[in-house]
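With the hints as constraints, model all of the structure from the sequences given.
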Amino acid sequence: MGVIQVQEPGLFTTVQDLGREGFGAMGVSASGAADAISLRLGNRMVGNHEGAAGLEMTLLGGMFTFLERALLALTGSDFGATLDGKPVELWSSFEAKAGQTLRLGPTRSGARCYLCVQGGIAVELFLGSASTHILSGLGGNEGRALRKEDALKIGAERGAIHERRLTARALKELQPRKVLRVTKGPQSDWFPESARRLFYESRYRVAEESNRMGIRLEGAIVPVPSGGEMISEGVSLGAIQVPEGGKPIILFVEQQTTGGYPKIANVISADLHSLGQLRPRDEIRFERVDWETARALLREQEKLMASEDLISG
Amino acid sequence: MAVLNRRVHGEHIGITAKGQARCLSHLRERGVRYTFANMATASGGARFEFASDQSLLVYFDELRETGRAESGPPQGEKSRAQARPLQSQIALQANEKVRKLLRLLELEPVAGVRNVHPAYCSLLVKFDGLRFRHHEVESILRGYLERLEEIKLPEPRLVEIPVCYGGEFGPDLTEVCAIHGLTRAQVIELHASAEYLVYFLGFVPGFAYLGELSEALVTPRLAVPRRRVPAGSVGIAGNQTGVYPFATPGGWRLIGRTPVAMFRDEREGFSLLAIGDRVRFAPISAERFGELEKEWA
Chain S
1 MGVIQVQEPG
11 LFTTVQDLGR
21 EGFGAMGVSA
31 SGAADAISLR
41 LGNRMVGNHE
51 GAAGLEMTLL
61 GGMFTFLERA
71 LLALTGSDFG
81 ATLDGKPVEL
91 WSSFEAKAGQ
101 TLRLGPTRSG
111 ARCYLCVQGG
121 IAVELFLGSA
131 STHILSGLGG
141 NEGRALRKED
151 ALKIGAERGA
161 IHERRLTARA
171 LKELQPRKVL
181 RVTKGPQSDW
191 FPESARRLFY
201 ESRYRVAEES
211 NRMGIRLEGA
221 IVPVPSGGEM
231 ISEGVSLGAI
241 QVPEGGKPII
251 LFVEQQTTGG
261 YPKIANVISA
271 DLHSLGQLRP
281 RDEIRFERVD
291 WETARALLRE
301 QEKLMASEDL
311 ISG
Chain D
1001 MAVLNRRVHG
1011 EHIGITAKGQ
1021 ARCLSHLRER
1031 GVRYTFANMA
1041 TASGGARFEF
1051 ASDQSLLVYF
1061 DELRETGRAE
1071 SGPPQGEKSR
1081 AQARPLQSQI
1091 ALQANEKVRK
1101 LLRLLELEPV
1111 AGVRNVHPAY
1121 CSLLVKFDGL
1131 RFRHHEVESI
1141 LRGYLERLEE
1151 IKLPEPRLVE
1161 IPVCYGGEFG
1171 PDLTEVCAIH
1181 GLTRAQVIEL
1191 HASAEYLVYF
1201 LGFVPGFAYL
1211 GELSEALVTP
1221 RLAVPRRRVP
1231 AGSVGIAGNQ
1241 TGVYPFATPG
1251 GWRLIGRTPV
1261 AMFRDEREGF
1271 SLLAIGDRVR
1281 FAPISAERFG
1291 ELEKEWA
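So the protein lines, in turn, are chains S and D. Under my numbering, the letters of the first sequence match residues 1 to 313, in that order. Under my numbering, the letters of the second sequence match residues 1001 to 1297, in that order.
It is worth saying that the hints were derived from the structure and are not from the lab. Possibly wrong hints are sitting among the right ones.
[What the hints assert, rightly or not] DMTMM-like, lysine to aspartate or glutamate: derived pairs with alpha carbons at most 25 Å apart:
#, chain 1, residue 1, chain 2, residue 2
1, S, K303, D, E1136
2, S, K184, D, E1049
3, S, K184, D, E1138
4, S, K153, D, D1265
5, S, K184, D, E1266
6, S, K153, D, E1266
7, S, K303, D, D1265
8, S, K247, S, E193
9, S, K148, S, D78
10, D, K1294, S, E142
11, S, K184, S, E95
12, S, K247, D, E1049
13, S, K184, D, D1128
14, S, K153, S, E142
As structure tokens, then:
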């Protein structure tokens, strides 16, 4: 079985797959890759199924030595990767020979870079998923971010070492967005018209304390509806809640499953992967779309993802 | 709170699943007790609200149907008026419907429904947006709602959780005493003598929202939440109480701590508490806390 030696973990590197849906009644949120599109594409480029576990690096990448030959792919943001000193391309699979070291640096584009390896990262599953849930310390590699000297096992499934790359068209269409499309939230009507207008007209800045649980925003303070407290209810991925104080928070992959703040909007499914590439201090704004548009955009995205000529070999 | 106070202690410990029964007797040796309790039934309507492009909320909060007199809501704030804080009888009836719908969805899963997040009076249903439109899910759920009456909820378990109150384990106990003009012993007695319902698990894995707290203990949240609440902390907020399963930020006032692990990966069932369980807290000494903590480590 192949092994990846972690020489340097990077700022915050975790094992992620597509998460664990179905355990909301226990308070367990799905977790999974922050930019699921990038993880899925990376897996396809190394011949894995889309949901195999890979490494999610955040803002600053790590340094990894491969003890055996491995087929790799890097997707998401450009972390300036080199293999034994030679630059390697994003969105294209490549081979690491036994003993070679992959080194990544600080991001040159968005927040997250994914390392996918043929066979996937092999960890014990928690509730059917390899994803790390940091808050509860469960899943992934011992429920935590990688540390120096960790050794990660590579799954046994092997195919041919066959280089594949993403087509330019797919890359363009799946580009992360800074204008996030949203549908109305279940409590949109609680907010006065002026508050909603302010929300849609304002630019928001991603706050430093954002993480996989929530993306905190700074900018125009949204007036909170007055009177009475709300009863906690289930919250969706991408829900934009406005707590007291009026600074919106986008609930993200490691979200709380329930919450008691009114939600003004919800990021559409087709734009969720864009959230995973937001860095602190990035500026974003919101654009309201209707239910049919949100649905059509998701359908289009999945049609593109399913197309045969997405990846050329 | 007649319903909550009615207790039926079962003699046997354990539920049908073999592994779980084994695990429960194991838990009992480590300070946790499960028995059974009973529950009343209720009926009524539901309303639907789209939450996202792949989820919708089912609310059981039609207050008028329960016959409760509410003062007229201000214009344009209908939903808000319907979503007032936990009102004992209404919340109990609504929550029972939440649990029945959840149960029915477990018994007869809908292909394409990916996840459900229950809460006091509502259920969030996440679905595959490539497969369904909202109204299609709504119509399936309406069919399920018509059958809620026939759903028998599993026999509620009574779970006893050992708690060491005050001191370093309950840093807010003194303040809670001061707020209510009660002694330490009175607060502990009020908290530990009641039997609570697990309305739902939410927030983080294994966090059970328990209600309802004695009126004499109803206390607002901290104005500034703690950045880190130690795992096992027992808190109160409004008329709710609960145990933090993990070290998380939190705004509830902490009155004690349990050495029991509320959520673990290797345990059958994962969460110590399940929706619909009944809970009691049993005061223990710091010494006993130390012993149990070792057993749970």
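Hints and how they fare:
1. S:K303 - D:E1136: Roughly 22 Å separates the two Cα atoms, so the pair holds.
2. S:K184 - D:E1049: 11 Å, holds
3. S:K184 - D:E1138: Satisfied, since the Cα-Cα distance of roughly 18 Å is no more than 25 Å.
4. S:K153 - D:D1265: 21 Å, holds
5. S:K184 - D:E1266: Outside the cut-off at roughly 40 Å; violated.
6. S:K153 - D:E1266: 21 Å, holds
7. S:K303 - D:D1265: Violated, at roughly 37 Å.
8. S:K247 - S:E193: 17 Å, holds
9. S:K148 - S:D78: Distance of about 22 Å is within 25 Å: holds.
10. D:K1294 - S:E142: Roughly 21 Å separates the two Cα atoms, so the pair holds.
11. S:K184 - S:E95: Violated, at roughly 46 Å.
12. S:K247 - D:E1049: Answer holds: K247 of chain S to E1049 of chain D is near 24 Å, not above 25 Å.
13. S:K184 - D:D1128: Distance of about 19 Å is within 25 Å: holds.
14. S:K153 - S:E142: Satisfied, since the Cα-Cα distance of roughly 13 Å is no more than 25 Å.
In this structure, the hints that do not hold are numbers 5, 7 and 11, in rising order.
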